[in-house]
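**Student:** Listed below, chain by chain, are the residues.
Protein chains: 2
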Amino acid sequence: MASLSITLTELERITNQLLQASGLNEENAAVVADVFMRATYRGVNHHDVNELPGRLAGLAAGKVKANPSITRINKYGALENYEGDNGLGELCGMFIMRRAEQLADEHGIGLCAIRNTHHLLASTPYVEAAAERGYISYIVTRGAPTMGAPGRKEKVIGTSPMGYAIPTDKEYHLMFDACLAYASNGVLAEKAAAGESVPSYWGLDSQGRPSEDPAAISKGTRLPVGAHKGFGLTILGEVITGILAEGQIIDEPQAGSGLVGMPSHTAICIKADGLLGQRQFRQRTTEMADRMEARAAGLQLPGQRSARSRNQIIGAGAIELKEELVAKLNEWSGKLGIEPLS
Amino acid sequence: MASLSITLTELERITNQLLQASGLNEENAAVVADVFMRATYRGVNHHDVNELPGRLAGLAAGKVKANPSITRINKYGALENYEGDNGLGELCGMFIMRRAEQLADEHGIGLCAIRNTHHLLASTPYVEAAAERGYISYIVTRGAPTMGAPGRKEKVIGTSPMGYAIPTDKEYHLMFDACLAYASNGVLAEKAAAGESVPSYWGLDSQGRPSEDPAAISKGTRLPVGAHKGFGLTILGEVITGILAEGQIIDEPQAGSGLVGMPSHTAICIKADGLLGQRQFRQRTTEMADRMEARAAGLQLPGQRSARSRNQIIGAGAIELKEELVAKLNEWSGKLGIEPLS
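Line by line, the protein sequences are chains A and B.
Counting along the first sequence from 1, when you hit position 303 you're at 303 in my numbering, and nothing is skipped either side.
Counting along the second sequence from 1, when you hit position 96 you're at 96 in my numbering, and nothing is skipped either side.
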């Protein structure tokens with residue numbers, strides 16, 4: 001597919017203006033544009049600026065609030081939960097991460113949950129921002145039940161998309177962003193489009209039979225990593241998001257809207273330097289990575305690939321975007337009275 | 001293999017007396033005996049009272065301290081780390097779990113790490129005890145690098161054995177106890193003894209080739225669940241144990257002893273009722289389990305099988321132990337001047 005080179009200045013400009021023209025105030029637009037830029041720097045071509053047209057459509061249709069009134073439900077020390085007011089996931093996600101950081105400043109560790117929110121794009125932008133400020137950061141999201149239990153075709157729980165970031169002195173943070181199914185829907189779609197098969201333990205077809213066909217698994221049921229292991233960890237994710245946020249769980253419809261699968265997110269931050277000092281902490285995380293690399297030359301550590309992409313893109317000051325995406329962004333620019341991408 | 005029925009009263013009596021005769025004071029012996037009983041109620045026949053002779057041997061050889069002086073290294077709000085003084089893992093593990101509970105009482109969430117400790121048997125006893133007192137509880141252990149990175153035969157990190165428990169109003173707590181390799185060494189040994197094969201993605205033989213032979217994987221390298229997913233989560237486990245405890249990481253030798261693989265443990269407790277009240281919290285976790293079960297009849301949830309075993313054993317008031325184990329315990333009783341099992 002043909003692509004066009006767009007400067008980062010231009011991409012951030014149009015993202016910010018499209019969001020403001022869609023109703024976001026200046027501060028919120030800057031937060032959401034930052035999330036989109038961070039997600040895009042990963043260079044994975046999904047769950048990034050490719051989702052911006054979808055967000056704009058959601059805002060235009062009034063399905064999601066541009067400037068939600070995020071209000072606290074309860075607080076107990078370093079635990080807080082919030083009502084997200086049907087707000088953009090990117091706003092709700094960054095809100096709870098910043099609150100978790102503040103709670104960690106005060107208590108060493110902080111947990112902040114939010115309900116009635118939306119898809120937050122990816123975990124990376126939130127945990128990366130917190131790691132830049134020195135925290136061990138973690139975020140997890142719940143959603144509709146789309147995953148099976150080990151060997152079961154019935155969809156019983158979401159896939160617990162989650163991420164963490166851990167500061168180091170290396171050229172990358174240790175950083176993780178994944179769900180607990182063997183494959184995200186995006187990966188299955190990519191494999192299907194490429195005509196590739198996948199391991200038969202990744203999922204079941206609609207008849208409940210193990211399948212190597214990614215399209216058949218997409219129509220059937222994805223399975224958790226390590227069978228009962230991934231399944232068990234997903235249940236913990238559902239508890240600390242859905243239940244601690246006082247939001248929905250499993251297939252529970254939201255009161256009022258009746259929607260099933262409304263996301264809740266939970267962020268946890270740890271102020272590691274509270275125990276051993278930021279400099280020493282980073283020395284140790286760096287030594288940890290070095291020790292693993294020394295045992296296995298060329299070892300790929302989590303965060304390494306995405307830092308390489310980020311550095312390459314920021315170094316170039318520009319990014320290749322699919323023509324189709326550029327056309328969509330310019331179409332939205334036309335609708336909303338914004339300068340198109342130059 | 002032949003087995004003998006031993007009453008629980010007798011099993012706890014001999015465990016407690018053997019520990020006291022091995023140097024543990026009354027209070028410590030009671031804590032460790034409780035851990036052994038809880039682990040044994042799971043009915044898995046490993047990582048339970050079967051390990052008691054090994055513990056007694058370690059105590060007799062002076063490899064591990066019966067009554068360690070556990071001292072605090074650092075504290076920052078709800079974060080604490082401790083020096084375990086080469087103490088029994090069961091003492092160190094229960095110590096940090098209780099401290100994490102106290103920190104959660106004060107701050108809503110607490111994280112407590114300990115270094116220079118030993119194998120703690122299993123995660124279940126600690127998280128189960130905390131869940132009985134109403135907490136969402138989590139514990140994770142680090143040890144020697146015995147697991148590969150995705151597709152790599154070099155052993156780069158431990159398997160992050162971990163567990164959680166979550167109180168419910170059902171006949172079981174949601175409870176999880178697993179490492180992040182596809183297979184524990186115990187499972188591989190069981191499969192090898194039974195002459196069974198295992199999925200080829202569980203590990204590599206000593207030449208680095210995928211193998212279905214559990215014995216070959218035992219001699220080779222176990223792999224993390226979901227490839228980069230399990231690997232990434234294991235790295236998080238190593239950071240919050242080894243680094244936050246200010247203990248060893250990866251293949252780092254302990255200063256002084258030179259030992260590689262010295263465990264650190266970390267416990268995290270959340271006082272969920274700080275946010276939504278214990279009664280409502282349990283209603284919600286119960287509803288969560290019910291909703292999953294309603295979607296998939298007969299679904300096995302984490303904690304269910306072990307609660308069934310526990311109820312069966314406690315109901316019977318007695319347990320079947322292998323003759324060989326009974327003989328070993330009686331041999332230790334003879335050595336230490338304790339009444340043998342009756």
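I should point out that these hints are in silico values taken from the structure, not numbers from a laboratory.
Just so you know, not all the hints are guaranteed correct.
No copy is singled out in the list; a pair is fine if it fits within one copy or between any two copies.
As the list claims (entries may be wrong) - Cross-link-like lysine to any residue pairs, in silico, SDA-like; alpha carbons within 20 Å at most:
(1) K153 to R295
(2) K153 to E293
(3) K335 to A296
(4) K75 to D105
(5) K335 to Y76
**Student:** Check each numbered hint from earlier against the structure, then list the numbers of those it violates in ascending order.
**Tutor:** 3 and 5
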